[in-house]
Amino acid sequence: MPKTHSNQRNAVPIATRSSRKLLSVSVLLLLSGCFSTVDCNSSAAKEIALSVITQELNNFSPYREALPAFGTEFKVENIKTTAKNDDTETCSCNADYAFVYNGTERAINFDYDVSMLKDKGEIQVELYAKAIKDAIYNLMLGQRPIKNGPQVHTDPATGNVMDKLNWKDNKMDGVQEFFNPKNNALILKVNFDNGQKSGLQQGWSEDGATLLTELTWTDGKATGYEKKLVNGKVVADFKYVDGLRTGFASNYIKGLGAYIETYYKDGVKILDKEFGVHDAEGQDVRLIRESPYFNNQPHGIEKTYNSEGKLIRETEYKDGLTVSEKSYESTAEQF
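Residues in the sequence shown are numbered consecutively from 1447, following our numbering.
A few of these clues could be false.
[Said to hold, decoys possible] SDA-like cross-link-like pairs, simulated, lysine to any residue; straight-line CA separation at most 25 Å:
(1) K1674 <-> M1608
(2) K1719 <-> I1706
(3) K1756 <-> R1732
(4) K1749 <-> R1759
(5) K1679 <-> L1702
(6) K1674 <-> T1604
(7) K1772 <-> E1736
(8) K1719 <-> K1756
(9) K1719 <-> A1695
(10) K1756 <-> F1721
(11) K1635 <-> V1621
(12) K1566 <-> P1596
(13) K1667 <-> L1702
(14) K1756 <-> A1704
(15) K1719 <-> Y1705
(16) K1679 <-> L1690
(17) K1635 <-> Q1648
(18) K1673 <-> M1608
(19) K1679 <-> T1664
(20) K1643 <-> K1711
(21) K1673 <-> F1684
(22) K1685 <-> G1703
(23) K1635 <-> G1689
FYI, nobody ran anything at the bench for these hints, they're computed from the structure.
Start from the sequences and build out the full structure, keeping to the hints where you can.
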C-alpha cells in the first residue's frame, strides 16, 4: 500500500521504499555537505533533501507552469529515524515534504538515506525524488491548479525573462508584462481585472524603443491605436473606437511566397488583398488579388492580376456566390 501522511495535513500518496527498489533504472540524485556525523534530523540532511526535491521539481515543466498554485514555503519535517548503524555511519530516515497547494496544506511522505563519505568527511543524502514529482503531478491532474500571485517565464535558450504575470483565482489580474528574450526589451504591458483587459495596454517595437500600441480598455472594449511590425514591415495597423477596429492585419511571415492583408471598417471585414513575394527579403511585393466582402462573405467584383500587375480576371460575387466571371486573357464572359 502507498505510504500516507499521518498528521492533519492532506496526504498525497507516494511509492513505498520497496517499490523504490524496483525503479533502479532511475538515477538517484546526490548532494553533499561537510559534517562529521550522520543524523536524519540534522539541518544539513534536511537542507540537502529539500534541495534534491526542489531540483527534481524545477526540471519538470508542468510543475513550473503551476507554481503560482503552490505556496511560498516548502519544508522537510516530521523526521523519523527508521534505522541507524553507528559502525558504518549510515541511517535510514522517513519524513514529510510539506507544502501548500490551492490554499490547502499538503504533505508527501518519503524515505531517504544519510551516509558518511569517510574519505571526504561529508554526508550524502539519497532519495528517490522522482516519486515525489510523480505524486505532485498526480495531485495536479486530480485537482486543477488554481494560480494566485506572480509568475515569471524564462526563455530556455537565453535564460532571459519572457513575461511577468500576476494571477488571482486562476485569472490574470493586475499588470502583465511581456519581454523580447533576445534583448530584455519590454514589448507589451497590459492591465487585467479578474481575467479581462482593463485600463491601459501599451506595445513597443522589438527593441523596445518605439511605442506602437496604446489602447484603453473599458468593459471589454478598446479605444486607441494598435500597430505591429515583423522585420520592420507593418503587419497590423488599427484604430479602435468602443471595441470596433478600422484598419488592416496581415499574415505576412518573412520567407513565405504570399500573404493576405485583411481590411476592416468599424469592426466589419470589407476587403482581402493577396500579395505575391518575389524575393527573399520581401521587398518585391506584387498585388495578386483584391476581394471585397459584405456580411463576411465575398460580395462585389474580385480582381485578379498577373505578375506584371495587369488585370487578367474579374469575378463578380453576391452573398458569397459567383455571379459572373470575365477574363481579359480571353474575351469570353461566363455566367
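Here's how the hints hold up against the structure:
Under the criterion of a C-alpha separation no larger than 25 Å, the hint pairing K1674 with M1608 is consistent with the structure, at around 18 Å. The straight-line distance between the Cα atoms of K1719 and I1706 is roughly 6 Å, inside the 25 Å bound, and the hint therefore holds. The hinted pair formed by K1756 and R1732 meets the criterion: a straight-line CA distance of about 11 Å does not exceed 25 Å. Between K1749 and R1759 the alpha-carbon distance is near 6 Å, which keeps this suggested pair within the 25 Å criterion.
The suggested pairing of K1679 with L1702 holds, with an alpha-carbon distance near 14 Å, which does not exceed 25 Å. Distance check on the hinted pair: K1674 and T1604 sit about 24 Å apart at the alpha-carbon level, within 25 Å; holds. For the hint pairing K1772 with E1736, the CA-to-CA distance comes to about 15 Å; that is within 25 Å, so the pair holds. At most 25 Å may separate the alpha-carbon atoms for a hinted pair to count; K1719 and K1756 meet this at roughly 15 Å.
As the CA atoms of K1719 and A1695 are separated by approximately 10 Å, the hinted pair is consistent with the 25 Å bound. With a C-alpha separation of about 14 Å, the suggested pairing of K1756 with F1721 holds against the 25 Å cut-off. Our distance criterion of 25 Å between C-alpha atoms is met by K1635 and V1621, whose separation comes to about 7 Å. Only pairs whose Cα atoms come within 25 Å are accepted, and K1566 paired with P1596 is rejected, the gap being roughly 42 Å.
Taking the CA atoms of K1667 and L1702, the gap is near 34 Å; set against the 25 Å cutoff, the hint is violated. Between K1756 and A1704, the direct Cα distance comes to roughly 18 Å. Compliance with the 25 Å bound is thereby established for this hinted pair. Using a Cα cut-off of 25 Å, the hinted pair K1719 and Y1705 holds, with the two alpha carbons roughly 8 Å apart. Restraint check: the Cα-Cα separation between K1679 and L1690 comes to about 24 Å, which is no more than 25 Å; the hinted pair holds.
Among the hinted pairs, K1635 with Q1648 is consistent with the structure: their alpha-carbon atoms are about 5 Å apart, no more than 25 Å. For the suggested pair K1673 and M1608, the alpha carbons sit about 21 Å apart, so the restraint of at most 25 Å is met. Pair hint K1679 plus T1664 does not hold up; C-alpha atoms about 30 Å apart against a cutoff of 25 Å. At roughly 23 Å between alpha-carbon atoms, K1643 and K1711 fall within 25 Å of each other, so this suggested pair holds.
Proposed proximity of K1673 and F1684 is supported: the alpha carbons are some 6 Å apart, at most 25 Å. Restraint check for K1685 and G1703: the C-alpha separation of about 28 Å exceeds 25 Å, so the hint is violated. Note on K1635 and G1689: the hinted pairing holds, with a Cα-Cα distance of about 19 Å set against a maximum of 25 Å.
Hint violations for this structure: numbers 12, 13, 19, 22, all remaining hints satisfied.
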